[in-house]
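Trainee: Given next are the chains, with one letter for each unit.
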Amino acid sequence: MRLKIAVLIAKFAALLSKRILRRSGETISGRVLLALYPRAITELSKNKKIICVSGTNGKTSTTKALVSIISSISKLGTVATSPSGSNLERGVAAALMQKSDFAVLEVDELHLSRVIEEAKPKVVLLLNLTRDQLHRMHEVKRVADRWAKSASAAPGTLFVGDVDDPFVAVALNSAAQSKRISFGGRKHQDGAVCPSCGKYLKWVRNNYKCPCGLTNSNPDEIFEAGSAAFRNATMANVVGKYLGAKPIAVDEKSLERSVDQIHKGVKANIRLTKNPASWTEALKSVTGDNAVLIVNAREVDGIDTSWLWDISFSGLSGKRVVVCGERALDIAYRLHVEGIEAEITSSFKDAISKFESGASVQVLAAYTAFHELVNS
Amino acid sequence: MSQIKIVRIHNELLGTYGDQGNAEVLAFRAKFHGITANIVDVTYNDDLPTNGDIYLLGGAEDAAQLLSLEALQRGDNLNILHLAIERGAVILAVCAGFQIIGNRFVANGQEVDGLGLLDVISVPGDKRFVGDIKTTSSILSFELTGFENHLGRTILGPTAQAFGKVITGHGNGDSNYDGAVNGNVFGTYMHGPILARNPEFADLLLTRATGRKYAQITDPLALKYATWRRKVI
Numbered sequence: 001m002r003l004k005i006a007v008l009i010a011k012f013a014a015l016l017s018k019r020i021l022r023r024s025g026e027t028i029s030g031r032v033l034l035a036l037y038p039r040a041i042t043e044l045s046k047n048k049k050i051i052c053v054s055g056t057n058g059k060t061s062t063t064k065a066l067v068s069i070i071s072s073i074s075k076l077g078t079v080a081t082s083p084s085g086s087n088l089e090r091g092v093a094a095a096l097m098q099k100s101d102f103a104v105l106e107v108d109e110l111h112l113s114r115v116i117e118e119a120k121p122k123v124v125l126l127l128n129l130t131r132d133q134l135h136r137m138h139e140v141k142r143v144a145d146r147w148a149k150s151a152s153a154a155p156g157t158l159f160v161g162d163v164d165d166p167f168v169a170v171a172l173n174s175a176a177q178s179k180r181i182s183f184g185g186r187k188h189q190d191g192a193v194c195p196s197c198g199k200y201l202k203w204v205r206n207n208y209k210c211p212c213g214l215t216n217s218n219p220d221e222i223f224e225a226g227s228a229a230f231r232n233a234t235m236a237n238v239v240g241k242y243l244g245a246k247p248i249a250v251d252e253k254s255l256e257r258s259v260d261q262i263h264k265g266v267k268a269n270i271r272l273t274k275n276p277a278s279w280t281e282a283l284k285s286v287t288g289d290n291a292v293l294i295v296n297a298r299e300v301d302g303i304d305t306s307w308l309w310d311i312s313f314s315g316l317s318g319k320r321v322v323v324c325g326e327r328a329l330d331i332a333y334r335l336h337v338e339g340i341e342a343e344i345t346s347s348f349k350d351a352i353s354k355f356e357s358g359a360s361v362q363v364l365a366a367y368t369a370f371h372e373l374v375n376s
Numbered sequence: 001m002s003q004i005k006i007v008r009i010h011n012e013l014l015g016t017y018g019d020q021g022n023a024e025v026l027a028f029r030a031k032f033h034g035i036t037a038n039i040v041d042v043t044y045n046d047d048l049p050t051n052g053d054i055y056l057l058g059g060a061e062d063a064a065q066l067l068s069l070e071a072l073q074r075g076d077n078l079n080i081l082h083l084a085i086e087r088g089a090v091i092l093a094v095c096a097g098f099q100i101i102g103n104r105f106v107a108n109g110q111e112v113d114g115l116g117l118l119d120v121i122s123v124p125g126d127k128r129f130v131g132d133i134k135t136t137s138s139i140l141s142f143e144l145t146g147f148e149n150h151l152g153r154t155i156l157g158p159t160a161q162a163f164g165k166v167i168t169g170h171g172n173g174d175s176n177y178d179g180a181v182n183g184n185v186f187g188t189y190m191h192g193p194i195l196a197r198n199p200e201f202a203d204l205l206l207t208r209a210t211g212r213k214y215a216q217i218t219d220p221l222a223l224k225y226a227t228w229r230r231k232v233i
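Chains A and B, in that order, give the protein sequences. All residue numbers for the first sequence refer to the working numbering, where the first residue is 1 and numbers rise by one. All residue numbers for the second sequence refer to the working numbering, where the first residue is 1 and numbers rise by one.
No wet-lab data here; the hints were simulated from the structure. Just so you know, not all the hints are guaranteed correct.
Stretch-level coverage of chain A by chain B, calculated; a stretch enters the list once three of its residues show a Cβ under 8 angstroms from a Cβ in chain B [stated by the list, open to error]: (1) 122 to 135; (2) 183 to 193; (3) 306 to 319; (4) 328 to 340.
Idealized CB from N, CA, C, for every residue including glycine.
Just need the whole structure built from these sequences, with the hints factored in.
Mentor: If you want it as structure tokens, here you go:
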């Protein structure tokens, strides 16, 4: 009975937040619920089939894709899911308050262990693990160790993931049930050390094989190589198929976390970029002549900007590049040393005003900048 | 000297915290002085070149740090570094790299002998130091800024001198000093990368490595960036 009351109060808090503060009200309900009923995630998960999605990049878009895949097999016709990007316990709790037979939850890498323990998911999809927000994660290996530990402690859960990423492979190897997917192998920026045994990891072109046994050469399913968006959609379909759903067509564009906006006649395609791996992927898509780069360094962006030096920006050479954001000078100097002279502006508005009406501009935006632009 | 060889040691292992940028900034600043810089990347299985002018080590996670140490103790590598120091070459080692070139450190709970190029020992603390750091150094006429992200505490022996006096941040652990220096061997906890945040320090290293004094560089963007960081930290 107490849980029901807690849910009612949490929903009421969300309503107040929406009406009075004009916020989405989604995370406040999760916060209130967990404060009133700390075991809410465990209790609310009992009558649902739970799917968790985690990884450094692609969580939000893959979660959305999985919701649309799963909705075809939901008997209630609704799939509970996390509010966009809200991937800590409060977001999970908020999602689980929805009435449904399935729940697809986006979960932060460091918070996955607790969610697995409490929600006892049927499937966990692990997308990738690369350096990100090191002020918070500290080390990539630290996150990988947590994943492996939770995988070994969850014998009832199927772990699906991309074994071309050695950190994902370690987690899958620790699981009692796993589906190891490969896209034919690819290089990994943090792949020099075997995350399983600590030895120097032997790579032959895009594939690795360690004497300790860690390798991507024996997958359960193999697909053709593709963009990060393609890989994530493909893995979402593998999870869907396991649960009895029909696959959806892979629409890379819709999985890219990008939006089109028009600002004073300038056509802006705004794409989320947040760490070396996502920047590298996003830079490949900058095919036009104009680019705006927005760099911030708030908590979720990563408060240290050293990682800008892990990225090669040479693809921007010859293009018109305008930078802005709180750390515009950091990115401007990084580009300067690589031989690319950017125009420094004080705001996105100023950056866009540098272009003629009718021009097309590709905007790569830090996490906080992306959300401000999309929600404005 | 119109050519300079910058040796970036084990970037695949010691490149997790952005310190690879130090080599790029050195090469970039060298150009202003009319020096052609050649960046040589040495990986785990390679031998160190004997004729480097500046040797760079960066920050790493524990397992990678131990592998780098093992590779530098292999074959003639350590001897090459000793000879380099004798002939006046520069070594700049950051974070895990700083610990590697010291006498002893702890990684993955294992206490190991370092390369002994700087008279320091490092041990893990109980709290990780993560945040902006600013120091002053008696060998530099400007403040240094950077970002620290480490659990290690470093204690200096009698032949090492502290590199910087901490204004903001923690440094070696007592919040008094950061890093260590002995001649042309520099160790620090500062990422950023340190030479990107403090391009004048790159000029000092180039001067030390070549034995020449250079005219001051005019690079307004570099100055603006460095000055801004010094003001806000």
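Trainee: Would you say the region 183 to 193 of chain A counts as covered by chain B, given the rule of at least 3 residues with C-beta under 8 angstroms?
Mentor: holds (count 3)
Trainee: Within the region 306 to 319 of chain A, is the number of residues with a Cβ closer than 8 angstroms to a Cβ of chain B three or more?
Mentor: Coverage by chain B holds here, the residue count being 5 at a Cβ distance below 8 angstroms.
Trainee: Are there at least three residues in the region 328 to 340 of chain A whose beta carbon sits under 8 angstroms from a beta carbon of chain B?
Mentor: Coverage by chain B holds here, the residue count being 8 at a Cβ distance below 8 angstroms.
Trainee: Under a C-beta cut-off of less than 8 angstroms, do 3 or more residues of the region 122 to 135 of chain A approach chain B closely enough to confirm the stated coverage?
Mentor: The restraint on the region 122 to 135 of chain A holds, since 3 of its residues have a Cβ under 8 angstroms from chain B and three suffice.
When held up to the earlier numbered hints, the structure conflicts with none and fits them all.
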